[in-house]
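Visitor: Add 72 to a position in the sequence shown, counting from 1, and you land on the number used in this note's numbering.
For the record, the hints were derived by calculation from the structure and aren't laboratory data. One or more hints might be untrue.
[Said to hold, decoys possible] Simulated pairs of lysine-lysine, DSS-like, Cα-Cα distance not exceeding 27 Å:
| # | residue 1 | residue 2 |
| --- | --- | --- |
| 1 | 223 | 192 |
| 2 | 223 | 177 |
| 3 | 345 | 304 |
| 4 | 332 | 171 |
| 5 | 216 | 133 |
| 6 | 304 | 223 |
| 7 | 374 | 332 |
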Amino acid sequence: MLDLSTLNPPQREAVMTTEGPVLVLAGAGSGKTRVIAHRVAYLLVKGVDPESVLAVTFTNKAAGEMRERVAALAGPPGVDVFVSTFHSFGLWLLQQEHKLAELPKRFAICDAGDQLALVKRCMREVSVDDRKFDAHRVLAAISKAKNAGKKRIAVREAGQGDDYDLVASEVFPRYEKALRAMRAVDFDDLIARPVALLGRDEALQAKYQERFRYLLVDEYQDTNLAQLELLKHVAGDRRNVCAVGDDDQAIYGWRGAEVKNILRFDRHFPGAKEIRLEQNYRSTGHILACANAVIAKNAARKPKALFTESGPGEPVRVVALAEEEDEARFVAEEIARQRAEGRPWSHFAVLFRLNALSRPFEEAFREGSMPYVMHGGPAFFDRSEVRDLLAYLKLCVQPEDDVSLSRIVNVPARGIGDTSLERVHDWAIAQRVHLFEALRRAPEVPELPRGAAEKIAGFVAVIERYQARFAERGNIAEVARGLVAEVDLYTHVRASVQSLEAGARKVDALDGLLRSLEGYAQRNARPNLATWLQRLALDSRDEEDPAQEGGITLMTLHAAKGLEFPVVFLVGAEEDYLPCAGIQGEARDLDEERRLAYVGITRARERLYLTRVATRTKRGKLLPRTPSRFLDDLPAGAHEKVDPEALAAPPQEVAAHTENVMAALRARLGASK
73 MLDLSTLNPP
83 QREAVMTTEG
93 PVLVLAGAGS
103 GKTRVIAHRV
113 AYLLVKGVDP
123 ESVLAVTFTN
133 KAAGEMRERV
143 AALAGPPGVD
153 VFVSTFHSFG
163 LWLLQQEHKL
173 AELPKRFAIC
183 DAGDQLALVK
193 RCMREVSVDD
203 RKFDAHRVLA
213 AISKAKNAGK
223 KRIAVREAGQ
233 GDDYDLVASE
243 VFPRYEKALR
253 AMRAVDFDDL
263 IARPVALLGR
273 DEALQAKYQE
283 RFRYLLVDEY
293 QDTNLAQLEL
303 LKHVAGDRRN
313 VCAVGDDDQA
323 IYGWRGAEVK
333 NILRFDRHFP
343 GAKEIRLEQN
353 YRSTGHILAC
363 ANAVIAKNAA
373 RKPKALFTES
383 GPGEPVRVVA
393 LAEEEDEARF
403 VAEEIARQRA
413 EGRPWSHFAV
423 LFRLNALSRP
433 FEEAFREGSM
443 PYVMHGGPAF
453 FDRSEVRDLL
463 AYLKLCVQPE
473 DDVSLSRIVN
483 VPARGIGDTS
493 LERVHDWAIA
503 QRVHLFEALR
513 RAPEVPELPR
523 GAAEKIAGFV
533 AVIERYQARF
543 AERGNIAEVA
553 RGLVAEVDLY
563 THVRASVQSL
573 EAGARKVDAL
583 DGLLRSLEGY
593 AQRNARPNLA
603 TWLQRLALDS
613 RDEEDPAQEG
623 GITLMTLHAA
633 KGLEFPVVFL
643 VGAEEDYLPC
653 AGIQGEARDL
663 DEERRLAYVG
673 ITRARERLYL
683 TRVATRTKRG
693 KLLPRTPSRF
703 LDDLPAGAHE
713 KVDPEALAAP
723 PQEVAAHTEN
733 VMAALRARLG
743 ASK
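Could you put together the complete structure from these sequences and hints?
Guide: Quick look at the structure:
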């Protein structure tokens, strides 16, 4: 029998209210994951068919944790619950209905790098210089349009928009046409295309409404308009939707998330019941008081007031320093002092609004030989050698993938230059064939440089040979290693850098990707390269897990959402940084900036420091800084302004502690002899 006695009254209400729409407003640290897992388990205990329950969230990591918790609570029936990310669910639906979606059974998914390369190609087609216009901004405009269900991007009247509107409006149709030609979809299509399918086919809609009778959505405040439409199509008139989220932690508006989805939940799902989870199990009372005071200034929100039964704890410390080097030095010294108290490195996090603020802290930690991990740097799947190998594998599955083909046709260098490729590409457009087909017919292409056709034929032969080998359903990992060896990627990546160490890292990256493929092949009875590539495209979007690291964590406030640390330093608490400056000095979105501050404050469990400086160097000039307006919101009894020197331990105390540590170490070494 499922034990609900460990849940507090609002949590139990959220678990046991199973029929009709329910909005669970789960404040930071209020135990929402426990509620979600218990709710699904409660449905199964009541006799609900596990296959009729759909639970969606935003990352594969979160979906995996939810799946494990449900299985632990509900036993074997919990394994059959459909737990996934939004994009994984959209992919599954498109695979089920690929004919209606006019897609091949095994279609490709363009990852973020492929999308960017495709946008740049389309920009060149309309004679737009991608050095003058940021392709990321153009792609963001296209993504926003697709998530809003638009088929085109309207150009605003003169003086109301900018040149990016015009560029995006020209690139969008070409980008979509290129995807269709490659028989591929991008990440936005994984939501937008199921929405379009269900929206125009009532019978199909009824089919999935009958299959999924109970819907549960985690992190509902992060949904966009397309995801909302998908939920409405699947929920139907039954409206058994349980949305769990916190409008106070809606910090992804810049990438299309709509906080209005949670604020207007009862409009989208009439008759909704609202349940508030306000008891916090993470932070001390003083930390929560500061968080409540900062977020209370937002007018458009669902009122909540976090509380805890664990006591007030230490006051939040507000520290003003002279310059950024002083700020970094203070943080490093304070961490060293608390390390002397016995805290491990992993207890500390330094959070900032912008990555640009990280440099002084990295320098201070390096100078002090303090281990740290900087999150948000170049991701594994953004590494050039990894993308090269992925391009080879994608081409072996999907020869129409012009983006992957253009990337590796001359990697490693095989004498197929830009002139040859440009003439083949122009001929392909004129003949209305894919680039790979044009390469196959290279002897028909006029004015190719001498010897180019023979070199192209050698490349085509390699790809066709491995296309056939992968299609034989043999050991796909072994075939992939054979491909790497035949094109000599190891030698290529070693030669691309000067040091042996850098070359070894690149080889390790290739091996890491191959090991991932081997692991997949071992876990699946009938492994398939196309399926692995699809999964990889989705998994690579997941965020890093700082909990796996052993050093001080440095990360942005956006990256910190969902995490917690015993000791947090929220640095750069100044105007133009937090809140971040927008156009002409105005806050870009003051409500969202305030929510970011709230998220940062509620990451701390035991100790929180808010630091700022009086001056910062910008473009070689020392400029005065204004304290963040959010500091004025902190309640008097919950915070204290601290003199940085007052926190430093007396020299004799530090020396005594050091001697004790060394004595213990000598004793341990002596005992091991």
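Visitor: Compare the structure with each hint and give your call.
Guide: For each hint, the structure was consulted:
no.: 1; hint: 223 / 192; verdict: holds, 20 Å
no.: 2; hint: 223 / 177; verdict: holds, 25 Å
no.: 3; hint: 345 / 304; verdict: holds, 17 Å
no.: 4; hint: 332 / 171; verdict: violated, 35 Å
no.: 5; hint: 216 / 133; verdict: holds, 25 Å
no.: 6; hint: 304 / 223; verdict: holds, 21 Å
no.: 7; hint: 374 / 332; verdict: holds, 11 Å
Hint check: a violation occurs at hint 4 only; the rest are consistent with the structure.
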